[in-house]
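*Asks:* Sequence:
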Amino acid sequence: MVFERPQYILLPVRVSTIVISFAIALLLNFLPWKDLTLVPDFVALTLTFWCVRQPRLVGLGVAWTLGLLMDTGNGVLLGEHALTYSLIAFFAITLSRRILWFPWLQQAMHIAALLLSVQLVGVGVRMAAGGAFPGWTVLVGPLLAALLWPVLSFVLLAPQRRPVEVDDTRPI
Numbered sequence: 002m003v004f005e006r007p008q009y010i011l012l013p014v015r016v017s018t019i020v021i022s023f024a025i026a027l028l029l030n031f032l033p034w035k036d037l038t039l040v041p042d043f044v045a046l047t048l049t050f051w052c053v054r055q056p057r058l059v060g061l062g063v064a065w066t067l068g069l070l071m072d073t074g075n076g077v078l079l080g081e082h083a084l085t086y087s088l089i090a091f092f093a094i095t096l097s098r099r100i101l102w103f104p105w106l107q108q109a110m111h112i113a114a115l116l117l118s119v120q121l122v123g124v125g126v127r128m129a130a131g132g133a134f135p136g137w138t139v140l141v142g143p144l145l146a147a148l149l150w151p152v153l154s155f156v157l158l159a160p161q162r163r164p165v166e167v168d169d170t171r172p173i
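Heads up: the sequence shown begins at 2 in my numbering, then just goes up one per residue.
Calculated directly from the structure, the hints in this document are not laboratory data. Be aware that a few hints might be false.
Each pair of labels, with its calculated beta carbon distance range [said to hold, decoys possible]: (1) Thr170 / Phe31: 47 to 53 Å; (2) Leu69 / Trp105: 29 to 35 Å; (3) Met128 / Ser17: 24 to 30 Å.
Every residue gets a Cβ at the ideal spot worked out from N, C-alpha and C, and that includes glycine.
Using the sequences and the hints, build the whole thing.
*Replies:* Here it is as structure tokens:
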């Protein structure tokens, strides 16, 4: 006996939902825990979600803009987050069809690999600009972000889910 996941018919996403989710992610990133390495990058995770789910609405331009906002907000090297977020957007859009085929656990593993590789690029940029190696604990943040992937997906898809009410007159 094969058990399949239920397939939901989703409503179209509203642009306001995307903007609000990015605003909340920016606020979470700007909380005073930037010195903690165990905190995931909420903007990167939200950007990855929307690039995978809505690649026509959220792309490289949005990623670059969010990266510049993060750079100016944190006072770091200008373009550091812009580069890493653009890489996230590129690879998330490229792999979006593949990622969506898998269940949540395998999606989280894809996201972990993506965020870890981009985090290493960010560390390389910081070190090339004269910064010190931050230590291997910097790799814990992307792993925690991958653990948050199913929760974030459930929360961000909630406004798009159709009601489950039964209507005999509805053709679908």
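*Asks:* State for each hint whether it applies.
*Replies:* Hint check results:
The given range of 47 to 53 Å is respected by threonine 170 and phenylalanine 31, whose C-beta atoms sit roughly 48 Å from each other. The hinted range of 29 to 35 Å is satisfied by leucine 69 and tryptophan 105, whose Cβ atoms lie roughly 31 Å apart. The beta-carbon spacing between methionine 128 and serine 17, approximately 39 Å, falls outside the hinted interval of 24 to 30 Å.
Checked against the numbered hints above, the structure breaks only hint 3 and satisfies the rest.
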